[in-house]
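Chain A is already provided as a structure; the job is to place chains U and L on it using the hints.
The primary structure of each chain is shown beneath.
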Amino acid sequence: MEASDVRRTLSRLRVEQVLGAIVAVLLLYLVVDLLRQLVTGTLSTSTLQQYLWRGIVVGLIYGLAGIGLSMTYSILRFANFSHGDLLTTGMFSGWSAAYVIAGFGAYNLGNLLLVRPNNDPTPGAVGMAIDSQPVAILGGIVVAALFTVAIALAADRLVYRRLRKQSSIALLIASVGVAFVLRYLIAFVFTRSNRAVPASAPETTLDIGIASTTVNLHEMTLVVSAIVLMVGVHLMLQHTKLGTSMRAMADNRDLAKITGIPTERVVLATWVIGAALAGIAGYLIVLNTGTITYTRGWTLLLPVFAGVILGGIGSVYGAILGGLIIGIVDEVAIIWLPNEMTMAAAFLLMIFILIFRPQGLLGGVETA
Amino acid sequence: MTESPADGVTDASTDPESGASSSDPSPAGWGDGTAVLEIDGLQKQFGGITAVDGVSFDVEQGSITGLIGPNGAGKSTTFDLVTGFTRADAGSVRFDGRDVTGLRPHQIAQAGLVRTFQITREFPDMTVLENLMTAPPEQRGESLARSVLPGTRRGVIEQERELVDTVWETLDLFEIDHLAEEYARSLSGGQRKLLELARAFLTEPELLLLDEPMAGVNPTLEEKLLDRIHDLRAEGYTFLLVEHDMDLIMEHCDRVVVMHQGAVLAEGEPEEIRDNERVIEAYLGGNV
Amino acid sequence: MTDESDDVGEDGAGPREQDSRGPLSDMRTTVREYTDRITEWMGERSRWKADALVVLSALVLVYALITLLAYGQGLDMNGIVNTLVRLTFLMAAYGLLVLALNLHWGYAGLFNIGVAGFMSVAVFTLAFVSGGQGVGLGYPIWVGMIAGMVAAAALGLLAALPALRLRADYFAIVTLGIAEIVRFTVKSDWVDDHRVLGREVGLGAGSSIQVPSAQEYVLKLFTEDGTSRADPTFVGAQLFELGSWFGIDRPTVMSAGYALLLVVAVLLAYVLLSRIAYSPFGRVLKAIREDEGAAQALGKPTSRIKIYSFVLGCALMGLGGMLWQASRFTVAADAFMPIVTFYIFVALIVGGSGSNAGSIVGGIAFVGLLLQGPRMLPRVINEQWESVPEGTNTIYEAVTALGGADIMPLIGYSIANIDLLQRLFVGVVLILLMLYRPDGLLGHRKEVAAATDLSRPEGETDD
Chain A
1 MEASDVRRTL
11 SRLRVEQVLG
21 AIVAVLLLYL
31 VVDLLRQLVT
41 GTLSTSTLQQ
51 YLWRGIVVGL
61 IYGLAGIGLS
71 MTYSILRFAN
81 FSHGDLLTTG
91 MFSGWSAAYV
101 IAGFGAYNLG
111 NLLLVRPNND
121 PTPGAVGMAI
131 DSQPVAILGG
141 IVVAALFTVA
151 IALAADRLVY
161 RRLRKQSSIA
171 LLIASVGVAF
181 VLRYLIAFVF
191 TRSNRAVPAS
201 APETTLDIGI
211 ASTTVNLHEM
221 TLVVSAIVLM
231 VGVHLMLQHT
241 KLGTSMRAMA
251 DNRDLAKITG
261 IPTERVVLAT
271 WVIGAALAGI
281 AGYLIVLNTG
291 TITYTRGWTL
301 LLPVFAGVIL
311 GGIGSVYGAI
321 LGGLIIGIVD
331 EVAIIWLPNE
341 MTMAAAFLLM
351 IFILIFRPQG
361 LLGGVETA
Chain U
1 MTESPADGVT
11 DASTDPESGA
21 SSSDPSPAGW
31 GDGTAVLEID
41 GLQKQFGGIT
51 AVDGVSFDVE
61 QGSITGLIGP
71 NGAGKSTTFD
81 LVTGFTRADA
91 GSVRFDGRDV
101 TGLRPHQIAQ
111 AGLVRTFQIT
121 REFPDMTVLE
131 NLMTAPPEQR
141 GESLARSVLP
151 GTRRGVIEQE
161 RELVDTVWET
171 LDLFEIDHLA
181 EEYARSLSGG
191 QRKLLELARA
201 FLTEPELLLL
211 DEPMAGVNPT
221 LEEKLLDRIH
231 DLRAEGYTFL
241 LVEHDMDLIM
251 EHCDRVVVMH
261 QGAVLAEGEP
271 EEIRDNERVI
281 EAYLGGNV
Chain L
1 MTDESDDVGE
11 DGAGPREQDS
21 RGPLSDMRTT
31 VREYTDRITE
41 WMGERSRWKA
51 DALVVLSALV
61 LVYALITLLA
71 YGQGLDMNGI
81 VNTLVRLTFL
91 MAAYGLLVLA
101 LNLHWGYAGL
111 FNIGVAGFMS
121 VAVFTLAFVS
131 GGQGVGLGYP
141 IWVGMIAGMV
151 AAAALGLLAA
161 LPALRLRADY
171 FAIVTLGIAE
181 IVRFTVKSDW
191 VDDHRVLGRE
201 VGLGAGSSIQ
211 VPSAQEYVLK
221 LFTEDGTSRA
231 DPTFVGAQLF
241 ELGSWFGIDR
251 PTVMSAGYAL
261 LLVVAVLLAY
271 VLLSRIAYSP
281 FGRVLKAIRE
291 DEGAAQALGK
301 PTSRIKIYSF
311 VLGCALMGLG
321 GMLWQASRFT
331 VAADAFMPIV
341 TFYIFVALIV
351 GGSGSNAGSI
361 VGGIAFVGLL
371 LQGPRMLPRV
381 INEQWESVPE
391 GTNTIYEAVT
401 ALGGADIMPL
411 IGYSIANIDL
421 LQRLFVGVVL
431 ILLMLYRPDG
441 LLGHRKEVAA
451 ATDLSRPEGE
461 TDD
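Protein chains in written order, with our numbering: chain A, 1 to 368; chain U, 1 to 288; chain L, 1 to 463.
These are calculated hints, taken from the structure and not from any lab test. The structure presented is a predicted model; accordingly, all values stated were derived computationally and were not measured. Hints are not guaranteed to be accurate.
[Said to hold, decoys possible] List of simulated lysine to any residue pairs, SDA-like, C-alpha gap at most 25 Å: (1) L/Lys187 with A/Thr289; (2) L/Lys187 with A/Arg195; (3) L/Lys49 with U/Gly151; (4) U/Lys224 with L/Arg456; (5) A/Lys165 with U/Tyr183; (6) A/Lys165 with L/Arg167; (7) A/Lys165 with U/Ser186; (8) L/Lys220 with L/Ala237; (9) L/Lys49 with U/Glu158; (10) L/Lys187 with A/Glu340; (11) L/Lys187 with A/Leu337; (12) L/Lys446 with U/Glu182; (13) A/Lys165 with L/Tyr170; (14) L/Lys187 with L/Ala332; (15) L/Lys446 with U/Glu169; (16) L/Lys446 with U/Pro136.
So that you can see chain A by itself, here it is in the shape it has in the complex (with noise of 0.2 Å):
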C-alpha cells in the first residue's frame, strides 16, 4: 500500500465517513430515547402521533411551496427569494376572494376585499369555514392560484427576463428586490396587522395508527388538496410532453448546458404551476393555522429552503419529501427541545446537509 492510497482513503474517510457516523449515532439515540419516553409514560402515543400528524399537513405546505421554489432553481438557475412572498400574495389574493364571495352584500365591500383590516366582521358572523361556506373557501383556492401566477409572470417580464444571461447571484439580489417590493405593497393594502381569518372547523377523532388523533376538516381540506395537487404535478410530468422537457431540462445539467436558455414555454410552465402552487400553499396554511399578515410568506421562505435543499434542488419529489421532513422535524423535535428552537433544529439539518451532501437526498443536479 502506497503512502498516497493511505492518504487517499484516510482523507475520504476522514470527512463524510466520520460525520455520517456521528450523525447516524445521534439518530439512534434520539430513537431510542423516543422509544423510552414512550415505554416509561412520558410521552403518550397519542400525543406523539398528533405531532406526527401536525408535522405532516405543515410538511404538505412546505412540500407544495417547494415544487415551485425546487424549478425556478434548476430551470431558472437562482434562488429565488421572492417566493416567500408568492405566499403571501396566493394567502391575500385568496382569501380576499373568500370573503367577498362569502359577505358580499352583507357586509362592507372594504372590509371584506383587504380580509378584514378592522377586525371586522368576524370569521364566525360570516362562516369562514369548509363546512358553511364551502363554495367560498374553494373559490379562494383558485383565485389564490390564478392571481399569484399573474403576479409572478408579471414579475419574469419586468424583471427577471432581462436578467436571464446574468449570474444567478445578480437574479438573486433582483428577486430579493421583487420580494421587498411584493411584500411592502401587500402590506400597504391590506396593513400591518395580524389578523384571524378562518373560522374554526368542525373536528373529529379518528382511530388510525397506533392511538386516537384529533383531526380538524380544515386540516383535512389542506391535506386532501395538497395531495391532490402532487398528484396532478406528478401526471403531468410523467405523462405529458411538456413534462418531460421540464424534466430534462431540470435533472440533466449537461443538457441543460447543450440546449442553454429554456425555451420560453418551459419558463412559462415553470413560473406558472410553481406560482400556482405556492398561492394555494400560502392560502392553505392560513386554512389551518388561522391567521394572515403581510410577513407570513417571507418567514416561511427558510423552512422551504430547506425542505428543497435537503431533498435534492432539481427534483419535485425531493421537494415533497423534503418539506414533509421538516415539517416533521419541526413537530417532533418539541420532544427534546423547547418550542422556540425547533426551527433552529430544522435549520441545522438543512446546513449539514448543504455541506456535506449538497444535492440533497434525492437531487443530483447543479445549476449553473
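For chains U and L alone, kept in the frame of chain A given last:
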C-alpha cells in the same frame, strides 16, 4: 488495460534519484536520466466512463515531452489528476521523488509543478498587470498581517517593486506590454493564451504542464515562445506539453507519449512514434 | 521656519524654487507631509485623495438635502443639527458595516447574507460579558466589546470552515440560516434562563434588554456621569459653550460626540481595508473571487486566505453591530432580522461592490436617500400644507374617495404609511440597480490591487 510501451526506446533510467533538488537545476540537457515526474497506474472513472485507465509514464528532468493522442484520449484528465484538480481513484504521482498523490492543487503548484489550462483561466476583472503580479511565489504581502502592519508593510512594498521589474520583463518578452493596463476580459483569444503562459512562467516552476499552449498564437510569436522554452530547458526547466500540432511536437519534443482511450499507447522519440503503426491507427479512428 | 533643505517639490524642483513664499509654502509643506504620511498609511497606491473628494461631495449633497427637509419640517437650529447628527451616526454605522461586507463580497466573492447574525452575536456577547445588575458577568465595557468581536469572529470561523467551499448561493443560504439560528437562540426562554459561569445569561428571551454601550465612554467626556443634566467636565463645558452660541443644546452636543466616534471608527476601518486592498493579499483575494481554481493553480492557498478575510470581516461586523445597536441602550433579538442584512447589501450595491470608497458612499447615499430622507417627508408635508389630509383607515376608503375626485385621503393614507412606501422604494431601487447599473456608483473604478505603482519602471526601454 495497461499498455506497456512496446515500441520505441524508453529511457530506462527511471532512476529514483529522489535527492535531485529543484532549487538548483543543473544546466545539463535532458538525458541525464532523472525523472522529475513519475506517473504510475493512474485511474479515474466518471460515472460509468473510465477516463483514465492505468496511465503510467515518466517525464525526465530537462526534457520537453509531448503528450499527444486523439480527442477524448484522457490527456486533460491526466493533467487534472497529476496537478490535484481531480482526485484519482488509484495510482500515484511522484514529483522530484516526492509522493504528491492526493495533495491539493495549490500544494502541488507550490512544489513547482505548474499547469496552464486549455481554455484560458485569466482573472477577467483584473488588469493584465494584476494577473501577472499574482503569479510569483512566496510573496510576503500575501499574508494579511504583513500587508497591514506598519513595520512589515515596508518590506512588502520593496518586494512588490522587485516583482514589478520582473513582470515588465515578462510583458516585454511575450510582447503584451501594450496590454498591461487592460482588463483581462477585453483581451483576444490569442492574447489570453499569452497571458496564461506568461503567468505560468512567473510562478518559477520546475515542471510546466502546458495544455495546448500554442493554439491561437501567431507563428512568429510561436517561434519566439518555443525558443524561450528551449532556453529555459537549457537552464534546467522541464516541460510537458499537450499539443495537436504534429509538426510542433515532432520538431521540438525530445520525447513523446501517446495516449488513447485513457491509457498510454506508446512512448518514445518522435521519429519512432511517427512510424508507429498502432499510433497511426489510433488517430485514424480505429481501436487498437 | 521649516527646514527647506529637505523640501523637494513634486516636480523635482529643488529647495531654491520654494523659499520665496514664506508662511504659505510652510503650510503647503506641512500639508504635504501630512498627506504623504496618510498615503503611506493607506497604502502607497491608495487613491484616497480622489476617494475623499467623492465622499465629501456625496456628504455635502446628502447633508444639503436633509437640511432642506429638516427645515421644511419646521425645526429650529437645534432640531436641524440634531437631525444631521443622527444622520451622520447612521451613515457611519452603515459605512462600517458596508466596508466589512465589501471585504467579504466585493473582494473575496463570499456572498454573506447573514450579516445581522454576526452583529447580533457580538452585541449579545457584550450584553452578557459586561452586563450588570445581577445578570451577566459585569466586566468593563471595553472588555465586553473585545469579547463581542471575538465571538463574531469565532462564529465566522465556525461558518467558514465547512461552508466556504460551497457555491456562492448555497453559502449565502448557510449564512442566512446561521443568522436566523442565532436570532432564535437569543430569543429563546431556555437560553435566557440558562446559567453560564454561574451567572444567568439573560438575553431577554425576545424582549429588549439593556446593553452596555461604548457610548458611555463618550458621554462621560462631557459630563460627570454621562447624563446631560449633570455637571460638565472641562472639555464638556467648552463644547457646550460653543454649542450654545449656535443654539444647540447639550444632548445634541453629546450625541454629536458619539457620532464622531463612529466616524472615527469608519475612517480607521477604511484605512485598514485600504491597506488590505492595495496589497498582495488584496490581490490574491480578488484572484480568488475571479477564479479560485486558477488561483490554486498558481500555488495560492485559497481556503486559508478566504477564511482569514471572512473572519476579519465578521469581526468588523461585530464591531459595527455593537457601536450601532448598542448605542440605543436597549436591544432586542429582533433588531437583527434579515432585513438589516439586506439593507446593508443594498447600500453596498448602490455604492459599488468592490470599491472601498464605494462602500462609504453607498452608506451615505442609502441612509440619506433611501432610508431617512423618505421618512422625513410626512412631517414636511404636514408642516407645509395648510389642510392636513386626514389619513383614512384603509386604502379602500382612500381609493373610493378617488371616485369623488378627492385625492387627499389617499395622500393622507400614504403619509401615515410612509415607512412601508419607503421600503417598497428600496425594493424598486434595488431592482432598477440590478437591471441598469449593477456596478453602482463607484464599482466601475479601477482599483488595482498592488502595494506599489505598477507602471513600467524608470530606465527600462521597450524591446
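These are the hints, each one checked on the structure:
Among the hinted pairs, L/Lys187 with A/Thr289 is consistent with the structure: their alpha-carbon atoms are about 22 Å apart, no more than 25 Å. Restraint check for L/Lys187 and A/Arg195: the C-alpha separation of about 23 Å stays at or below 25 Å, so the hint holds. For the hint linking L/Lys49 to U/Gly151, the alpha-carbon distance of about 23 Å falls within 25 Å, and the restraint holds. Taking the CA atoms of U/Lys224 and L/Arg456, the gap is about 23 Å. The hint holds against a cut of 25 Å.
A distance of roughly 21 Å separates the Cα atoms of A/Lys165 and U/Tyr183; the hinted pair therefore holds under the 25 Å criterion. Between A/Lys165 and L/Arg167 the CA atoms are separated by roughly 18 Å; this keeps the pair inside 25 Å, and the hint holds. Simply put, A/Lys165 and U/Ser186 have alpha-carbon atoms about 19 Å apart, close enough for the 25 Å limit, and the pair holds. Restraint check for L/Lys220 and L/Ala237: the C-alpha separation of about 12 Å stays at or below 25 Å, so the hint holds.
A C-alpha spacing of about 23 Å is found between L/Lys49 and U/Glu158, which places the hinted pair at or below 25 Å, so the restraint holds. In summary, the hint linking L/Lys187 to A/Glu340 is supported, as the alpha carbons are separated by about 8 Å, within the 25 Å threshold. For a cut-off of 25 Å, the pair hint linking L/Lys187 to A/Leu337 stands: about 14 Å separates their Cα positions. Between L/Lys446 and U/Glu182 the CA atoms are separated by roughly 10 Å; this keeps the pair inside 25 Å, and the hint holds.
For the hint linking A/Lys165 to L/Tyr170, the alpha-carbon distance of about 20 Å falls within 25 Å, and the restraint holds. For the proposed pair L/Lys187 and L/Ala332, the alpha carbon gap of about 8 Å is at most 25 Å, so the pair holds. Of the pairs offered as hints, the one joining L/Lys446 and U/Glu169 holds, with about 23 Å between alpha carbons and a cut-off of 25 Å not exceeded. With a C-alpha separation of about 22 Å, the suggested pair L/Lys446 and U/Pro136 falls inside the 25 Å cut-off, and the hint holds.
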